[in-house]
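Protein chains: 2
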Amino acid sequence: MDQRLHFITFATSDLNRARAFYKDGLGWDPLMDVPGEIIFFQVAPGLVLGLFDAEKFDQDLNSTTTTAGVSGVTLSHNVGSAAEVSSTIESLVSAGGTVLKPAQAGAFGGIFHGHVKDPNGIIWEIAHNPGWKIDEDGTVVFG
Amino acid sequence: MDQRLHFITFATSDLNRARAFYKDGLGWDPLMDVPGEIIFFQVAPGLVLGLFDAEKFDQDLNSTTTTAGVSGVTLSHNVGSAAEVSSTIESLVSAGGTVLKPAQAGAFGGIFHGHVKDPNGIIWEIAHNPGWKIDEDGTVVFG
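Same order as they appear, the protein sequences are chains A and B.
At position 62 of the first sequence (counting the first as 1) the number is 43 in my numbering, and the numbers step up by one without a gap.
At position 72 of the second sequence (counting the first as 1) the number is 53 in my numbering, and the numbers step up by one without a gap.
Hints are computed from structural coordinates only; laboratory data are not their basis.
Honestly, I wouldn't trust all of these hints.
Unchecked claim - Far from chain B by the CB rule (all over 10 Å, computed), these chain A residues:
{"#": "1", "residue": "Arg(-2)"}
{"#": "2", "residue": "Ala49"}
{"#": "3", "residue": "Gly77"}
{"#": "4", "residue": "Pro100"}
{"#": "5", "residue": "Pro111"}
Claimed, not checked - Computed cross-link-like contacts, DSS-like style, restricted to lysine-lysine with a CA-CA straight-line distance of at most 25 Å:
{"#": "6", "chain 1": "A", "residue 1": "Lys37", "chain 2": "B", "residue 2": "Lys98"}
{"#": "7", "chain 1": "B", "residue 1": "Lys82", "chain 2": "A", "residue 2": "Lys114"}
{"#": "8", "chain 1": "B", "residue 1": "Lys37", "chain 2": "A", "residue 2": "Lys82"}
{"#": "9", "chain 1": "A", "residue 1": "Lys4", "chain 2": "B", "residue 2": "Lys98"}
{"#": "10", "chain 1": "A", "residue 1": "Lys98", "chain 2": "A", "residue 2": "Lys82"}
{"#": "11", "chain 1": "B", "residue 1": "Lys98", "chain 2": "B", "residue 2": "Lys4"}
{"#": "12", "chain 1": "A", "residue 1": "Lys4", "chain 2": "A", "residue 2": "Lys82"}
{"#": "13", "chain 1": "B", "residue 1": "Lys82", "chain 2": "A", "residue 2": "Lys37"}
{"#": "14", "chain 1": "B", "residue 1": "Lys98", "chain 2": "A", "residue 2": "Lys114"}
{"#": "15", "chain 1": "B", "residue 1": "Lys98", "chain 2": "B", "residue 2": "Lys82"}
{"#": "16", "chain 1": "B", "residue 1": "Lys37", "chain 2": "A", "residue 2": "Lys98"}
{"#": "17", "chain 1": "B", "residue 1": "Lys37", "chain 2": "B", "residue 2": "Lys98"}
{"#": "18", "chain 1": "A", "residue 1": "Lys98", "chain 2": "A", "residue 2": "Lys4"}
{"#": "19", "chain 1": "A", "residue 1": "Lys37", "chain 2": "A", "residue 2": "Lys4"}
{"#": "20", "chain 1": "A", "residue 1": "Lys37", "chain 2": "B", "residue 2": "Lys114"}
Said to hold, decoys possible - Listed next, with one range per pair, are the computed distances between beta-carbon atoms:
{"#": "21", "chain 1": "B", "residue 1": "Asp(-17)", "chain 2": "A", "residue 2": "Phe123", "range": "33 to 43 Å"}
{"#": "22", "chain 1": "A", "residue 1": "Gly61", "chain 2": "B", "residue 2": "Leu81", "range": "34 to 44 Å"}
{"#": "23", "chain 1": "A", "residue 1": "Thr45", "chain 2": "B", "residue 2": "Glu71", "range": "40 to 50 Å"}
{"#": "24", "chain 1": "B", "residue 1": "Leu81", "chain 2": "A", "residue 2": "Glu18", "range": "14 to 24 Å"}
{"#": "25", "chain 1": "A", "residue 1": "Ser68", "chain 2": "B", "residue 2": "Gly61", "range": "41 to 51 Å"}
{"#": "26", "chain 1": "A", "residue 1": "Ser62", "chain 2": "B", "residue 2": "Pro111", "range": "19 to 29 Å"}
{"#": "27", "chain 1": "B", "residue 1": "Gly8", "chain 2": "A", "residue 2": "Asp116", "range": "38 to 48 Å"}
{"#": "28", "chain 1": "A", "residue 1": "Lys114", "chain 2": "B", "residue 2": "Leu81", "range": "30 to 40 Å"}
{"#": "29", "chain 1": "B", "residue 1": "Gly61", "chain 2": "A", "residue 2": "Gly61", "range": "30 to 40 Å"}
{"#": "30", "chain 1": "A", "residue 1": "Pro111", "chain 2": "B", "residue 2": "Val122", "range": "28 to 38 Å"}
Beta carbons: idealized from backbone N, C-alpha and C, even for Gly.
The following block holds chain A by itself, in its conformation from the complex (with noise of 0.2 Å):
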């Protein structure tokens, strides 16, 4: 199996906060919106973040049970400065968002970040990282 990822879906119990957090908030571009079922955004190249009716979700897993929610999972968005972290953090609790970590130093790395949850409980973490960058065929780099 290549390492390769194409799409990360999440089960996503309100599609319309979903739509007005990251279309009208962000100003994000959808792929496709299909109301009621899915949000897909384009989100590096060749990856889609999928955000998928929660109750289509189970089914489409063929569960049983059902999805309690989004947990063990970060998505992290990396910016060119500590005060960019700062200022994005405040663009997310604009669109919607909810602080879960404040704007701080992080622990190791060197990295300056905080945390902040979509409205379908989605975190984002906004980094600055002095140490990464991507080459220019898409290789990361960790310094």
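On the provided structure of chain A, position chain B as indicated by the hints.
Frame of chain A, contents of chain B only:
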């Protein structure tokens, strides 16, 4: 906030089993491996999958409650044919995964897919989707 994901990080209760699955079982090449802490794999241009010791995951979030495992999220890996869905699922099982939904026609989108749990509960969907492609510039196209 740019429409961009840089890291996806999971609370991982058994990092050694994660390493055995992804590195030894699937032959993936870690970007960084800090035993007892975190293992990183690049999984798309500019995108890193992090498997983070579950206790440290909670600490990093300043969380006072223990994460109750991974839930409400799936990762998808697309392949070129229905036969490849089945053979990839076999590879995941050989590496230590557990079949959650055997390979079959999906409910919509014309896809053929199946789902496998990794040893820490992360669900991978393996899918063949004839209407999906990635353009040269990394743009995802739904047919």
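Consistency of the hints with the structure:
1. Arg(-2): 15 Å, holds
2. Ala49: 6 Å, violated
3. Gly77: 13 Å, holds
4. Pro100: A/Pro100 is indeed farther than 10 Å from all Cβ atoms of chain B, at 14 Å.
5. Pro111: 14 Å, holds
6. A/Lys37 x B/Lys98: 19 Å, holds
7. B/Lys82 x A/Lys114: Status violated; Cα separation ~37 Å.
8. B/Lys37 x A/Lys82: Judged against 25 Å, a Cα distance of about 15 Å means the pair holds.
9. A/Lys4 x B/Lys98: 31 Å, violated
10. A/Lys98 x A/Lys82: Holds. A/Lys98 to A/Lys82 sits at ~9 Å (cutoff 25 Å).
11. B/Lys98 x B/Lys4: 16 Å, holds
12. A/Lys4 x A/Lys82: 24 Å, holds
13. B/Lys82 x A/Lys37: 15 Å, holds
14. B/Lys98 x A/Lys114: 31 Å, violated
15. B/Lys98 x B/Lys82: 10 Å, holds
16. B/Lys37 x A/Lys98: Holds, because 19 Å separates the two Cα atoms, which is no more than 25 Å.
17. B/Lys37 x B/Lys98: With a Cα-Cα distance of about 22 Å, the restraint between B/Lys37 and B/Lys98 holds, given a limit of 25 Å.
18. A/Lys98 x A/Lys4: 16 Å, holds
19. A/Lys37 x A/Lys4: 21 Å, holds
20. A/Lys37 x B/Lys114: 24 Å, holds
21. B/Asp(-17) x A/Phe123: 33 to 43 Å: 21 Å, violated
22. A/Gly61 x B/Leu81: 34 to 44 Å: For A/Gly61 and B/Leu81 the Cβ distance comes to about 40 Å; the hint holds.
23. A/Thr45 x B/Glu71: 40 to 50 Å: Violated - the Cβ-Cβ distance for A/Thr45 and B/Glu71, about 25 Å, lies outside 40 to 50 Å.
24. B/Leu81 x A/Glu18: 14 to 24 Å: At 21 Å between Cβs, range holds.
25. A/Ser68 x B/Gly61: 41 to 51 Å: For B/Gly61 against A/Ser68, whose Cβ atoms are near 43 Å apart, the range 41 to 51 Å holds.
26. A/Ser62 x B/Pro111: 19 to 29 Å: 44 Å, violated
27. B/Gly8 x A/Asp116: 38 to 48 Å: 23 Å, violated
28. A/Lys114 x B/Leu81: 30 to 40 Å: Since A/Lys114 and B/Leu81 have Cβ atoms about 37 Å apart, the given range 30 to 40 Å holds.
29. B/Gly61 x A/Gly61: 30 to 40 Å: 38 Å, holds
30. A/Pro111 x B/Val122: 28 to 38 Å: 35 Å, holds
Checked against the numbered hints above, the structure breaks hints 2, 7, 9, 14, 21, 23, 26, 27 and satisfies the rest.
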